[in-house]
Structure formats: C-alpha cells, structure tokens
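Undergrad: Now for the letters of each chain:
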Amino acid sequence: MIVRTALAAFALAALPSAAWAQATAIPASQAPAAAPTPAADAGGLTGSVSDENAWDDIGIAIPAFPTNVSVPTAADGGNTEALGRNLAQVVYNDLKNNGLFKPVGPDRLPAISFATVTFPQFDGWRGRGADMLVQGFVKGGANGSLTVGCYLYDVQLGKELAREGYVVAPADWRRAAHKCADMVYSRLTGESPFFDSRIAYIAETGPKGHRRKQLAVMDSDGANHRFITNGQAIALTPRYSPDYKSIMYLSYLAGSPSIYVYDIGTGHQRLLFRTKNETIAPRWSPDGKTVLFSMSTGGNTNIYKMPAAGGSPVQLTDTPGINVGGSFSPDGSKIVFESDRSGAQQCYVMNADGSNQHRISFFGGRCATPEWSPRGDLIAFTHIGGDFRIGVMTPGGGDMRLLTDSWQDEAPTWSPNGRIIQFFRTAKGSGQASIWQVDLTGRNLRRLPTPVDASDPAWGPVLP
Amino acid sequence: MPPQTNRRLLFATSAIAVSLGLAACSPKPPKSLPPAPGATTTTTMPETTAPQGPVPGSQEDFIASVTSDTIHFDTDMYNIDATSQQILASQAQWLARYPNKNITIEGHCDERGTREYNLALGDRRATAAKNYLVGLGVSPSRINTVSYGKERPVALGSNEAAWAQNRRAVTITVQ
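Line order of the protein sequences matches chains A and B. Going letter by letter, the first sequence gives residues 5 to 468 in the numbering used here. Going letter by letter, the second sequence gives residues 154 to 328 in the numbering used here.
Hints in this document: simulated from the structure, not taken from any laboratory. Glycine included, every Cβ here is placed at the ideal spot set by N, Cα and C. Where hints are given, some of them may not hold.
Unchecked claim - Below, in silico cross-link-like pairs of lysine-lysine (DSBU-like), each with a Cα-Cα straight-line distance of 35 Å or less:
# : chain 1 : residue 1 : chain 2 : residue 2
1 : B       : Lys-254   : A       : Lys-280
2 : A       : Lys-212   : B       : Lys-254
3 : A       : Lys-280   : A       : Lys-293
4 : A       : Lys-432   : A       : Lys-212
5 : A       : Lys-280   : A       : Lys-338
6 : A       : Lys-249   : A       : Lys-280
Unchecked claim - Sample of chain B residues facing chain A (criterion: CB under 10 Å; computed from the structure):
#  : residue
7  : Asp-229
8  : Arg-250
9  : Thr-257
10 : Glu-264
11 : Gly-266
12 : Arg-278
13 : Lys-283
14 : Leu-289
15 : Arg-295
16 : Thr-298
17 : Glu-304
18 : Pro-306
19 : Leu-309
20 : Gly-310
Okay, chain B solo, but in the shape it has when bound (with noise of 0.2 Å):
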C-alpha cells in the first residue's frame, strides 16, 4: 500500500478520535434519539470494508507515521538542519510509541567524493542522525548505524540533484 494512503487513513482515524474527545467534553444530549434498529435496512455495511492500516510497529506503520525515513545533507556536512529536526521528532515519536522497536540508520554520501573517506562520511552521517534521536530521549541502544558512502546511491545521475539525494541518512526499522 502507498504511503500516502495510509497517510490519508491514519489522518481520518485522528480526525475521528478528536471530534470523539471533543462531545466527550460536551456532555448534552442529543436533540434526537437515533433511529431505532430495523427502520431502515441502507445503512447496514459490511465491516469487512473498514480500513485496515498497517500493522502497528510495522516498518509500514513506520513510514506511515513519520514525516519522512530519510533527511538530507549539504555537500560534505553532517549537520541536522532544520528540515531534519523535524523529521528525526517524527521518529522519535513513532519509537516512543514502540520501544520494543530498534532501528537500523544507514548514512550516504553521493559519488562525488573518495571512497574512504566518503565510508567515513557516512558514518559521520549516521551517527549525527543517532546523536539527535538520543538527544530527544530514545536509547542510544535501540540504534546501530552502518555507512554505505558511495555504494548505494538511490538517485542514479550525476548531476546536483540527484547527489542531493543521495547525501542522506535512512532510518530503518528493525523487524
């Protein structure tokens, strides 16, 4: 199932539990009495149709529930910016809600750079992305990291853009 669908499911299901909260903190009654059972027969579903998301702690729960698995570097940096903060709060969040459930932070580098010291890079990479979610409360051992450096670029060309891809750190789960 794409993403964005369970994006979009996960988003009614909140939506749901907030207009929930909101009559529990409204306790008038209702201005008419729901129709009694049988009078009409179009309103009976199966509940087979209900939506099913993924299964809770799933690396698809995960990538469902965070803004993204995957945040971005300049060339030759390491630093977590902004953007970045963001979504490493997502996955910490998303690891608060499971923490039986360690994670694996692979780092990349793009192709411009040698080989060594691009595995250095990636490490370098890697553990920033781990320094940051330690930093907001999850433990150091529920994440391992592993350098690729220039070995498993996601974006093929060689141009700014496609290195601008690969220079990223990817949170996995570990399932």
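Bound-form chain A, shown alone (with noise of 0.2 Å):
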C-alpha cells in the first residue's frame, strides 16, 4: 500500500452559464377561463399527503404539442414539429413517473392542429374519458431560440384552468416542458411546482472495495447528465446552492476529507476552509448566506457555521463523540442534526446560534441524516434500526413513519416541495448504490435512470 496523499491531477469539467426559461405572455383560449383559485384554497386538498387526495386518480390526456411551422430546431427532434412531441412526452413522464393522476401521453391520443390548442375540442376529450387536458404549442423565434405554450383545461367544465408560456434556448427546451408539468401539478394540487428542479450526485464506478465515486448533476428527472470531477479523488456528499450558482462537496484531493466550493459557471473550485483536520457534511442555509459544516478535532467532531463567502467558523456544538450533519430550517431559525452524545447515533434540534440543543427522536433504533423539509412540516433521516429505511417525523419528533423497506436506504433529500424524497439505495453483497424516490405516501417508489451507479443525492430548489 501506499500513502495517498499526492495530488493527483484533477480536471474540473466547467458547465455551461445558468440555464434560463422566460416566461412569456401566450394568447387566451377561446374556453372560458375558470376562475383561478388554486384547487387547495377550495379545500379537500391540503393538509398530509394521505389515501384522501382525490387527484391522483385525475386523467389528464396531453397530445402532442404541434408547431405553425416546423423549422429546424437545435433541440431534440431537429424540428420544432418533432420537438413538440418530445415536449409532450416529457410532462408526460413528469406526471406519470411520481405517481401524480392518470396521464395519458402523445403516443396514445390523436395529434391536434395549431389553431385546436387554444380552441379545445371538449366533447372530443369527453369521449375520451379524459378529466384534464394540457395542450401546447412550439414556435421558432429569433436567434433559434423556442416559444412553449401550455394550457389546461378541465374538459368536465369546459373550461381553461391554467396557461403559461416560456422563452427557452434550444439547450434548455427540457425546462419548458418542466414548467408546463409544474403549472398542471400546481393548479391541481395547489402544492408548489418541483419538477424544474435539478440534483447533484456521486456517480460510482468500479470494484467494491475500491469504488470511483464522481461528482455529477442531472435533472430532477435524470436528463442532462454532467459529470463535474474526473473521479482520479474521492468525491462524496454534494449540496446545491439555493442559486445553483455552486455546489459544496467533500472531496480526497488534497489526500483527506475537505470541503470544496465549486463554481459552476466558471469551473473552478475553491477551499471552504483552510485547517489541517478533516472537514466534512457541507450544508447550506436556506437563504445561501451561511454554511454548516463538521470538523473533527482530536477524534470529536462537531458542527461549526461560517459565511458562504468565507470567514471564521463558529462552533454550534461542543460535546465528546460525534455530532455531524445538520439541516435548517425553512425560515433558517432551526437546525436539526445528529449527535451519539447519548450513545448511539439520535436526532436533535438547536437555534442556529447553537443554543436549546434537544434530542427529538425517542422511536426506538437510531436516527441519522435529517433532512427538514422546505415546507417546514417535517423531518425526513435515516431509521437505523437493524436494516436502514427513510422515515419522517414532525420537528418535534412525533408521528414517525418508515416509507420505504429494504436493507440499506439512506441519506433522504426532499424535493423543492417537500412532497418527494429521493434517497440512495445500497445492495447488499455487491454494494452497488442507485438513487430512488419515493413520496409521502410511501406508495409510489421508483429509481431514478443514471448512466452508472448513483449514492448521495441532493435536491437543489425550483430552478431561478
């Protein structure tokens, strides 16, 4: 054996500028517009996730979206006409894949005219048995760029729920279908959008006993993969910025753990902060100002805080043994951690000046990884409790629930409203990892695609 220390070459792939989605004014339709009160304000829908959501059994029929006139189109398909069925197809996927209604994509549904789409053949859709209808559009602009149009309507009613309309550059028409799924999901739920959203993640190659662990993003729906590190040094736990502007990471570079802060737009990497002992469990607040990290000082560790730019930590926590991790709150007055200052991995919560620390979990087995919720309500962590599952319980520690069952879940990230968690899953035996989701109901459960083995996903917020 020898001692890894040396610095090994590290190429850092820079990503491409921000990506953007415009909103843009789109025509009325020619359906009455029903008056626009999110389906949650008319009540029946708030509240937990549970069996009485009515929306899940929703048929939402979303034909093809045509174009006025197919022009070539750097985007998937090559022209705007093949483009609007590849747009379709993913708010398709997007709806069907979190088990949210009954949707029925382009593939099964006659295609419609350019003028049909703001002028809904309701007694066609009637026939079809359909609830719901997304219509859409693709127009060529200026530049290459693509105008996205969507619609729904409530076919029973006859009438025009929701439109929007987006702005997008070929690279990005993704985003425009994502937003059309969010603007359905929203106005039907009256939950907040999450599907235009992305995820980092530690791709994983290679032998068991030595894994090649790489930083890399997707989507929220495992499309525009990117490796960022070139694997030559461990890379573990990635988080998102709240501005996706940079990705916080554990990485072996310099030969032991350290926080780096990478730079999307530019590629490069900087140091979060310099010591000789080994930093880990990066977090950032929800407003991006502030960082949590652990740092292990003579075999303790313990969580510290300190400005996103840079600065002096300050230490949170001060007892013997291990307290790592921690999650904010949504309005950034809380954080919930881990401590085995009672013995054995448990929950606790404290200000985030580190003061009214609190174990919160008492469920019997061990709570690891907290993960509060962006909407506040809950905590999602890690039950250790002989094998390892995603369970959630309320900030006070109460109504625990287990929502997944398997040998090794581990490490939840919730998605950007708190309605899905993803985890990453480990084989026993061979170890391999893969990320799945799964949402409140412990109902719909599903592993994401990714080109290779997949651990350490973390959920980045609504794209600006």
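Please assemble the complex out of the two chains, which come individually in their own frames, going by the hints.
TA: Below, the structure is given as structure tokens:
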C-alpha cells in the first residue's frame, strides 16, 4: 500500500452558464377561464399527503404540442414538429413517473392542429373520458430560441384553468416541459412546483473495494446528466447552493476529507476552510449566505457554521463524540442534526446559534442524516434498526413513519416542494448504489435512471 | 517478498545475535581450533546467497517488523483493546528504531453505517490509535491521520465476518 497524499491531477468540467426559461405572454384560449383559485384554497386538498387525495385519480390527456411552422432546431427532434412531441412526452413522464394523476401521453392520443391549442374540442375529449386536458404549442423564434405555450383545460367544465408561455434556448427545451408539468401539478393540487429543478449526486463505478466516485449533476427526471469531477479523488456528499451557482462537496483531493466550493459558471473551486483537521458534511442555509460543516478535532466531531463567502467558523456543538450534518429549517432559525452523545446516533434540534440543543428522536432504533423539509412540516431521516430505512417525523419528533423497506436506504433529500424524497439504496453484497424516490404516502417508489451507479443525491430548489 | 518469509529471516537473525551475546559472556576457549583454511573446499559458499532482508526503515521492513499494521474495532467502538495494544506497541518499537520515519493512520468503518457518521467514526478510530502511540512515546508530529469511513473496505462481503475486518485502523509508513 502507498500513502494517498499525492495531489492528483484534477480536471473539473465547466458547465455551461446557467440555463434560462423566460416567462412570456401567450394568447388566451377560446374556452372561458375558470376562477383562478388554486385547488387547495377550495378545500379538501391541503394537509398531509394521504389516501384522501383525490387528484391521483384524475385522468389527464396530453397530446403532442403542434407547431405553427416546422423549422429546424438544435433541440431534440431536429425540427419544431418533432420537438412538440418530445415536449408532450416529458410533461407526460413528469406526471406519470411521480405517481401523480393518470396521464395519457402523445403516443396514445390523436395529433391536434396548431389552431386547436387555443380552441379545445371538449366534446371529443369527454368521449375519451379525460378529466383534464393539457395542450401546448412550440414556435421557432429569433436566434434559434423557442417559444412554448402550455394550457390546462378542465374537460368536464369546458374551461381554461391555467396557461403559461416560456421562451427557452434550444438546449433548455426540457425546462419548458418541466415548467408546463409544474403548472399543471400546482394548479390541480395546490402544491408548489418541483419538476423544474436539478440534482447533484455522486456517480459510482469500479470494484466495491475501490469505488471511483465522481461529482455529477442531472435534471430532476435524470436527464441532462453531466460529470463534474473526473474521479481521481474520492468525491462525496454534494449540495447545490440555493441559487444553483455553486456546489459544495467533500473531496479527498488533498489526501484527507476537505470541503470544496465548486463554481458552476467558471468551473473553478476553492477550499471552504483551510485547516489540518478533517472537514465533512457541507450544508447551505436556505438563503445561501451561511454554511454548516462538521470538523474533527482530537477524535471528536462537531458542527460549525461560517459565512458562505468565507470567514471565521463558529462552533455550534461541543460534546464528546460525533455531532455531524445539520439541516436548517426553511426560515433558517433552527438546525436539525445527528449526534451520538447519548451513546448512539439520534436526531437533535438546536437554534441556529447553537443554543437549546435537545433530542427529538425517541422511537427506538437510531436516527441519522436528518433533513428538514422545505415546507417545514416534516424531517426526513435514515432510520437504523437492523436495516436502514427512510422515515419522516414532525420537527418535534412525533408521528414517525417509515416510507421504505429495504436492506440499506440512506440519506434522504427533499423535492423543492417537500412532497417527494430521494435517497440512495445500497445492495447487500455487491454494494452497488442507486438513487430512488418515494412520495410521502410511501406508495410511489421508483428508481431514477442514471448512466452508472449513483449515491448521495441532493435535490436543489426550483430553478430561478 | 511475503511478510512471513521476512519474519522468519528476522527470527533467524535475532537467534544468531542472542547466541553470539551468550558466547561473549562465557569466554571459555574452544575445545578445538577450527580447521585450517584450505583443508576442505566444500564449506565455501558464495556470499551472494546470504539472506537479504527488507531495506531498514522501509514499508516492507515495517510490515516485517511489527505484529501487524492493522488493529480492529467492535461495532461503533473506537477503544484500543489488548490485542490492539500489543500491535501498536510493536509499531511504537519500530518507530523508535527509525526516528526519522513518519506514519499515516487510516481509519475505516464497515458498510453498516451512514456515510458522514462513518467518516467521523473513522477519524475517531485513527485518532485513538494515534493517541495510543503518542502514549508510548511517539511524537504526535510524526503521525498523520485520515478517515476513509466506509469508502475503502478490505473485505467485500456483506456479513459480520467482512464487517469485522473492515472496522480497522491501518498504519502506513510515509516513504
């Protein structure tokens, strides 16, 4: 064996500058507009996700998005007519893969004309048994830009429920589809959107005893996958900044674990905090101005916070043993973290200044990797009791529920709207890891498609 | 060269040293003189076949000299048990012999822990080994520690036997 302290050559792939999707006005439809009241305000669809939710039985028809004139485009499909089918397919996949509604996609529906987009043929859709109808269009514009329109109709009422338009660069065509799916989802459930978001994670290859671990990013549906680091140094536990401009992650680049801040626009990175001690578990505050990290000194590990731009760390925990991680409440006032000060990993809450540290998990088994929901109502965590499972509880530690049941599910991360949780699952024996997601009912569980094995997912907020 | 061979050579060498030392303490004349040179030719052997141990102070020499380069831990534990104490004592002896050599202690965990906790636990194990060596007189400035958490298992199974092997602290000489 040799000492692994040599600085490896370390190529960082610069990502293209931040993608954009600009809102634009689109024509009203011929259908009368329904009162612009979110379903949640009408009552019945608020509160925790449960079997009472009516919307998962709503049938939604999503025909291909027609174009006025088919013109060449750099987006998938090569021309705007083919792209229109791809757009509808992404909207369909978003709604279907997350167990929301009962969508029917463009492959199983007749094509519609461009003029029909704003003049829906309700009688025909009623005959197909559709409750809701999503129609959209795509038009080629100046400099290769694309304008995508998205309309949601209530077929039974014969009314327009919502419409949005987006101008996107060809490379960002999927964002227009995700925004359309977000509009449909938000209007029908009253929940906040989440499809138009990205995930940072660790791509894994190689043998179990010497896994190659690379920082990678992808869209919330697994598309637009990119490697950021080349795998020469172990990379772990990434976190997107709230503005998507940078990613904090742990790297063995300098031989031992240190936290780096990678700038997505420039492809450069810097050490968060220069120390001879090991620094792990980087976290952002909700406003992106403060970061948490955990540092080992003399065998004990404690949690610190410091300005994201750099500065002096402030120690928040000070107990023998291991205090690690941390996740801010959405208002930034509190932090949930794990500590083994009681003898085994349990979850604790403290004020953001480190005061009033108190244990919240008392349900038997251990509590690890707590993550506060962006909605503030729940904390997701890894429940260790024999197997590792994903659980949720209230910020007071009550109403604990397990959402998964496998050999080793670990490290939950919340969708931007706090309705879905991603985590990684490790296979017994092979050690192969994969990213999965589950909704708060625990019923809609699926594996995310990734090009190679994957772990440590970190879901970013809805894109700006 | 496998470590077992090195250890055997080392044992043979020290046995010779011991017998020489005893001889020095009992200055009795030999009962008979050795045969005159040239009396027999069968005893001359080329010097090139003399045993060649590892380079003194090298990683190979360290492995050959110490009881083990690895100590093990119980689940979630970081205490240095009696077996580990004996192993670390042998490492401290080697370090006393080569005062210019530094070491890195790697702390490792089994796969049955969450990633970040294991990184902290691995650090704890490496630090515990370091502290024990310091207690035996090794300067802390000569010891670097690094935690690999559960990232670098040496046994690849998902069973108690494999996990027991992976809960370890490994000493590596800086060459």
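Undergrad: Take the hints in turn and mark each one as holding or not.
TA: For each hint, the structure was consulted:
For the given pair, Lys-254(B) sits about 20 Å from Lys-280(A) by alpha-carbon distance, which is consistent with the 35 Å threshold. For the hint linking Lys-212(A) to Lys-254(B), the alpha-carbon distance of about 32 Å falls within 35 Å, and the restraint holds. A hinted pair counts as satisfied when its Cα atoms are at most 35 Å apart, and Lys-280(A) with Lys-293(A) qualifies at roughly 24 Å. Our distance criterion of 35 Å between C-alpha atoms is met by Lys-432(A) and Lys-212(A), whose separation comes to about 11 Å.
For the hint pairing Lys-280(A) with Lys-338(A), the CA-to-CA distance comes to about 29 Å; that is within 35 Å, so the pair holds. At most 35 Å may separate the alpha-carbon atoms for a hinted pair to count; Lys-249(A) and Lys-280(A) meet this at roughly 27 Å. For Asp-229(B), the shortest C-beta to C-beta distance to chain A is roughly 7 Å, which falls under 10 Å, so the interface hint holds. Restraint check, Arg-250(B) versus chain A: the minimum CB separation of about 20 Å is more than 10 Å; hint violated.
Taken as an interface hint, Thr-257(B) checks out: its beta carbon lies about 5 Å from the nearest beta carbon of chain A, inside 10 Å. With 10 Å as the threshold, the beta carbon of Glu-264(B) comes within range of chain A, its nearest partner Cβ sitting at about 7 Å, so the hint holds. The restraint placing Gly-266(B) at the interface with chain A holds, with a minimum CB-CB distance near 8 Å, inside the 10 Å limit. Hint status for Arg-278(B) relative to chain A: holds, with the closest Cβ pair at about 8 Å, below 10 Å.
Contact between Lys-283(B) and chain A, as hinted, is supported at the beta carbon level, the nearest pair being about 9 Å apart and thus within 10 Å. Interface restraint check: Leu-289(B) against chain A, minimum CB-CB distance 17 Å, threshold 10 Å, status violated. Interface hint at Arg-295(B): violated, since its Cβ lies 13 Å from the closest Cβ of chain A, which is beyond the 10 Å cut-off. A distance limit of 10 Å between C-beta atoms decides the matter here; for Thr-298(B) the minimum to chain A is near 8 Å, and the interface restraint holds.
Given hint, Glu-304(B) at the interface with chain A, holds; its Cβ is 6 Å from that chain's nearest Cβ, closer than 10 Å. Interface hint at Pro-306(B): satisfied, since its Cβ lies 6 Å from the closest Cβ of chain A, which is below the 10 Å cut-off. For Leu-309(B), the suggested interface contact is upheld, since its CB lies about 5 Å from the closest CB of chain A, less than 10 Å. At its closest, the beta carbon of Gly-310(B) sits 7 Å from a beta carbon of chain A; the interface hint therefore holds under the 10 Å criterion.
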